[in-house]
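Student: Taking the hints into account, I'd like the entire structure generated from these sequences.
Top to bottom, those sequences are chains A and B. Residues in the first sequence are numbered consecutively from 1, following the working numbering. Residues in the second sequence are numbered consecutively from 280, following the working numbering.
Hints listed in this document are in silico derivations from the structure and should not be mistaken for laboratory results. A few of these clues could be false.
Partial selection, computed: residues in chain B whose CB lies under 10 Å from chain A [stated by the list, open to error]:
1) Asn-309
2) Leu-312
3) Ser-321
4) Phe-338
5) Leu-341
6) Gly-344
7) Pro-358
8) Lys-359
9) Arg-394
10) Val-397
Note that CB positions come from ideal geometry on N, CA and C, so glycine has one too.
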Amino acid sequence: MKVKHLLKVVGILIFTGTLFFSCNITNNEKSGKNDTVDSLGVQSDLAYEKAKVIFYSLPSPVETALLLEGSGITFNEEFLNPASKLSKYNTSRDLALNMGVYGADLSFCSLFEQNQKAIHYMAVIKEISEELNIINSINDSLINLLQENMNDKNKVLSILSETFVKSNTYLEENDRNEIAALIIAGGWIEGLYISSNIIGKDIKGNADLVEVVIGQGFTLEDLLGLLEMFIQNQDVKIVYDQLKQLKVEFDLLQTDQVTEKQFNIFVSKVNKVRNSFTL
Amino acid sequence: MKKYLLLFVFMIFGFLPLTVNAQCKEFTENEALPLLGDFILSGRYNAVKLYEGEEILVFKTLSKGITYRFIVKGSSDLPKNIEFEVRDWNGNPIFLNKDKNYTSVWDYNCDKTQRIKVFVKVPVVSKSKEPQSGCITLVTGIKKI
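Tutor: Below, the structure is given as structure tokens:
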């Protein structure tokens, strides 16, 4: 009799769990319902209703760093977040955001073959990943692998990119999407911070880089979409609100001729948000 | 007894969503990542279990000066001809793999920064009441042009 009762209870629990899972999917569908696109093969404006899952595919910090390659810029440590600030980060939000920030710094160091600095940042990221309980993705063997391949920049960037993706996947598998989203947000703001500050006052001389920076406005829309999915989490909400303000600044840059004054105001807003993340 | 058998079946299927991620992650690592070649993995694995007739939608921003490799793979329990289509933000088609013999790999040299939408759809082929299901994965790789 007890077994029968237990089976019933387990059945009800599973049923409830399944419903909850389905609700999440339905919510995802609804999030983009107002937009209109054609679905696959069929002329329809109900693609979002048909899509089972909607993903926001955000670039890893490596991709943002890659955009700076060939733009003629030089390595400048001044724009990186010092590893010594690690002790300031005690909450999950600060740790997650700065795991992303340090990830972007690490990618930037690797791009310019600043190998020792890169290893140093990887050690910091390993420490944060332990604090956040992200198991197995960042360990001593990974650091050894990086050291062994330090002379092959592409290999290093490839290892880093896989590491970011694996950490992200681990968090998602363990239902810690909020932390994953915050890491992505941290990486994105640091990439934007580095690229916009590197331009300095020479807007005309760095026209390609200015274009890269303005292009980040599109990525911000994807990022806001991702964060919106977890907006019920207070940490995500705080970050979302800050980044949403930057969207307004990006919209102001959507002109044919960005003036130095406009760009400087934009950079100061970026710096303000980034510095609030890095404390 | 029949009631408990049904309950047991329900339990098994009820747990399925919880195990999907790990299953599809392994599938992605074994079947999709090797197709990256010299491209660097970008973003995340977009891997999920789908049934026939279902589709996923991925929002992505492409950056000027980067070559992107899109890899779409479906597990062996799904129909072979997985459809994927890339459209710009206004809905204009950029690529449809149906036109390329349902290729699972597509490289794109991006000449302007833009937001895109990627649709991946599992076609309906089985005539039985039980639709086939399996893992679908979309992986993106990047390379400087």
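Student: Each hint needs a verdict: does it hold in this structure or not?
Tutor: Verification of the hints:
1. Interface restraint check for Asn-309 (chain B): the shortest CB-CB distance to chain A comes to about 14 Å, outside 10 Å, so the restraint is violated.
2. Interface restraint check for Leu-312 (chain B): the shortest CB-CB distance to chain A comes to about 8 Å, inside 10 Å, so the restraint holds.
3. Of the supplied interface hints, the one on Ser-321 (chain B) holds, with its beta-carbon coming within about 5 Å of a beta-carbon of chain A, less than 10 Å.
4. For Phe-338 (chain B), the interface hint holds, since its Cβ comes within 10 Å of a Cβ in chain A; the closest pair sits about 5 Å apart.
5. The restraint placing Leu-341 (chain B) at the interface with chain A holds, with a minimum CB-CB distance near 9 Å, inside the 10 Å limit.
6. At its closest, the beta carbon of Gly-344 (chain B) sits 7 Å from a beta carbon of chain A; the interface hint therefore holds under the 10 Å criterion.
7. Interface hint at Pro-358 (chain B): violated, since its Cβ lies 14 Å from the closest Cβ of chain A, which is beyond the 10 Å cut-off.
8. Given the 10 Å rule on beta carbons, the hint for Lys-359 (chain B) is violated: about 16 Å separates it from the nearest Cβ of chain A.
9. Residue-level restraint check for Arg-394 (chain B) holds (minimum Cβ-Cβ distance to chain A is 5 Å; threshold 10 Å).
10. Because the closest C-beta pair between Val-397 (chain B) and chain A is about 8 Å apart, less than 10 Å, the hint holds.
Taken one by one, the earlier hints fail for this structure at numbers 1, 7 and 8, listed in ascending order.
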